[in-house]
Structures are given as C-alpha cells and as structure tokens.
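Undergrad: Spelled out from the first residue to the last, the chains are:
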Amino acid sequence: MAHALRDRAAISGVGETAYTRGTDKSGLALQLEASLKAIDDAGLNPRDVDGIIPYFPGGGIAEDFIANLGLPDLKLSLFVPMGGATCVAALQSAAMAIASGVCNHVLISVGRTGYSGARVSTRLQQFPQFALAAEFEAPIGLFAPAQLYAQGARRHMALYGTTTRHFAEVAVVTRRHAIMNGNVVMNKPLTVEEHQASRMIADPFRLFDCSLESDGGAAVIVSAAERARSLRKPLVTLMGVAEGHPESPASIAQRPDLLEFGLAKAAPRAYAMAGVGPEDMDLAEIYDCFTFTVINQLELLGFCKKGEGGPFVMNGRIELGGELPINTHGGLLSQGHVVGLNHIVELTRQLRREAGKAQVRNAELGLVTGYGDMGDGSVAILRRAA
Amino acid sequence: MNGATTPAAPERPLPVPTRESQPYWDGLREHKLVLQHCAACGKVRHYPRPVCPHCFSVETRWEEAPPAGKIHTWTVCHHPFNFFFKQQAPYIVALVDMDAGVRINAPLRGLAETDLRIGQRVRLQFEPVTEKITLPYFTAP
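Quick note, the sequences are listed as chains A and B, same order. When we follow this note's numbering, the leftmost residue of the first sequence carries the number 1, and every step to the right adds one. When we follow this note's numbering, the leftmost residue of the second sequence carries the number 1001, and every step to the right adds one.
Hint data in this document are derived by calculation from the structure and do not stem from the laboratory. We put the CB at the ideal spot given by N, CA and C, even for glycine. Please note that a few of the clues may not be correct.
[What the hints assert, rightly or not] Which stretches of chain A does chain B cover? Using the computed rule of at least three CB atoms under 8 Å from a CB of chain B, they are: (1) 2-16; (2) 130-141; (3) 149-160; (4) 296-303.
Only chain A is shown next, with the shape it has when bound in the complex (with noise of 0.2 Å):
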C-alpha cells in the first residue's frame, strides 16, 4: 500500500536573498525576503500562507510572520528543533499538515545573519539540546560543530583510510559548482592544493572542509500536490521524507558508533515510503557542514557501503555529468549557509529544470538531506510530476 503522504505535498515556491558576508538587514527581513520571493514564485498571495514553519531558534516567529505579511488566518505554527536536519524535517510535518487538511499553503523560512550577528559557538548556545555539551564539553575545550564533528572524521580515517585528498575532492567540487550558480558567497575557483594549504581548524578539518558564515535568507512553500499543479511552476511533488534521530542525540561522544546517526534510520524509511533506491537518483544535495559529513552521509543513504565514502567521491563522479552530481548551488561550503535551505531551493529548481549553467540533464528524480544538532538527520526524495 502507498504511503499516506507520498505525492500528496509539492514544492510549490522556491525563493533566495542574495547571499553574502555582511548585511544591514536582520535576520527576519532577511527571511521575510524571502519568503515573499518563494510566494510570487508560486503565483500565491502572502496572505494564502496558512502554515509557518521558521527555522528556530534564530529569525522570525509567527508573530512576526502575522504582522509582517498581513496573514490574515494562520492554522499552524510549528518548530521543528532539529538544527540542520530541521528544514527537510520541515517537510515531513508540512506534508502531514497539508495531507490531514490542516493547511493549503505551508511556509518554511531561514534568515540568518552567520557572517554579521552571532557566530556559531554564540549561537549554539541559544539550543536547549546543547546543555549537555555546554556542561561536559565546552568546559574540557570543545565548542564547535567542527571540533565536535572532527572526532568522528578522524576515527573514519583511522578505520577506513579516508584522506583529507577525499575531502578535498568535495571542497573543489562544490566550488565549481558554486562558480556556476551565480547567487554564491565563493565565487572564486579552488585548488586541491589551496585545500591542502588552508588553515587547520580542527584537525582533520582545515579552513575550506568548514562551511561558510554567511548573512542570507531562503524559503519554500508547501502546497498540495493537486493545488500546485495550477499554480506558476512545474509541478515537483515530495515523493519520500523522514526524519531520524540517533542514539545518545545530545551528545556525540557517548553515541555507540560515531559514524551512525539519524540519517541511517530516516534513508531507508524514505525510499520505503518512495518506492525508489539510491540507484534511481538523478542528483543529490547533501547537508555539507563538512566535506567530510558529505562523505558519512552518502555512505548513510547507500550510494557507497560503509567506509567507501572516500574512494566514491572521486573522479568525477560527484561533479555535473558524473554519475551523481551532488551540491549543484555550491552547498553551505561554497555558497552560503541558510541551515540547508537552499540545498532545497536547489534541488527544485533542478526537477523544474531551472537550474542554468548548473542544470543536470533530464534531472527527474532527486534527494536532499539535513543533518544536525549533533546527529539528527532527514532526507526528503523529490521529483518532478509528469
């Protein structure tokens, strides 16, 4: 039997800020912007914006959303708490909200000033999912996503002779892509070499294995199936998403194996709900904090097996007209970081065919993930409608 949400939600509108390093907006004129962009992609209204989901904590709440925009009957305001893994997340309860009759026309928004406000140790400590590593391991010296997340990359070397020549592979890549999109933060090529150079930061990750900080906003509209094919754009419907959450989920260090988190319980349930595998993929964006979360997590969604994640991300074969383009904006490594957002954005308006010099052929099938808050993941499986 189908799956109760499969093709019931679309992605109905897609839209981005310029993405940059250093603004005079806050964070929710950011957003607002571009949730504005997403509603005129769709041919909507703001005022048809029945349901929000705002990243949180950071940015707009539905307060803001209410006065800002003039809704005039909001039916649903959610968080979803899952740091990076929030926005694909975001879609899993947009589509239940759609699908149960809640909503018509869902928002999911990210403003984010990374580059001019708080930086991302500040930050992190707004999350209440953080007291256990604001007690046990700030205290000892690590604060950071990077340090945090280095641990596990250095055990993945250790175990597998992963190299940071793999890493450098999905740096380079994602710059060239980035190049191609335009809307970027890096817009200037690099070298495997520069990688190799750049500043360590914490050891395996040097400087251009981290992503960006950066100032922008993005935001997409969740419609129903039914409803958006009337609407502006080429229908993109959400085939497959889960959510998954690890073991130990506050704290990376007491988790049984560094290397599994949520992903490895969300993937299989969304190809289950789909009815498609990794095989099937056209392109994939994948949530890269780090080059080397790219290469966990593909090995999480069975592109590779377990420990292959190095040896698969090169020659070619994650770059446009390689066997599976991954991060085809220039990801949060390369073109700004908007918790994920825009790995979203992009992968609909690839499916749309919207995508210019980056546009992968015939793209009709596609995933996207989230990963964050220490190991929460999502995946999201979109294609376009015939």
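Position chain B relative to chain A; hints supplied.
TA: Okay, now just chain B, sitting in the frame of chain A:
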C-alpha cells in the same frame, strides 16, 4: 580563577552541575572518577540522567570507576572558538573508551599528535580549576 599573575585572562568556561550530575563533579573534586549506575539493573550510564534507559528505574547509585581507558578517537583544536582556549591552542582532545564502559572527552597532555593511535591506553588525571570544579584530562598511563 586562572592565577593571580594573569588578572586580565579571559574567563574559563565552567560546568554548572545539575541535580543529576552533581555527584560526578563531586567525585572529580576528590580526584576520583565516580559514575552513575542504575540501582535496579546495575548498568552504568554517562552523561548523568534521571532514568535508566534500559529498565526505566529512577533509582541510581554512584560508584568509583578505574580512571583508565583506551583512545577511541581525537581531534587537535587549532582554531579556539573561545577566548580562554586561545592561549592553549593547539590542544588535543581525546575521546576515550573508559574501562568502566562509558566515554570521557578530555584534553590529552604530554603526548605528541603524531604518536596517537586508536586503542592506545591513557590515564585520567584531575585538574582543580576552582574550589568547586575539577576538570579531567588524560596523560600516558
């Protein structure tokens, strides 16, 4: 806090013990590794929490554990992310599989980065940083 000779030093981030974790920090202050165990099924757990995830008992007991274990993995922190740790960078933080069956994350001192390997034995040491708080670190056994 950080010695009278450096009055302008940035403040060290310190743990704020909770009702659940206080006995762990009390143990460190006495230079002992004291860990939370389920009083019903006996299983050890870390970090401290109110309910045993195996048998759901709310009864706990605290037992001293051997301060030794094997390196599970590590990182070397170069970018400090925090003003206090700027003075210490680069510093190694090792995640250690303690013999008692939990992991402890703590600075590793006296060993070179190039000498580290997974499975290497290390010993937990105790560094008093305030009257109330003692923090753990590792050294060669």
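Undergrad: Failing hints, ascending?
TA: 1 and 4
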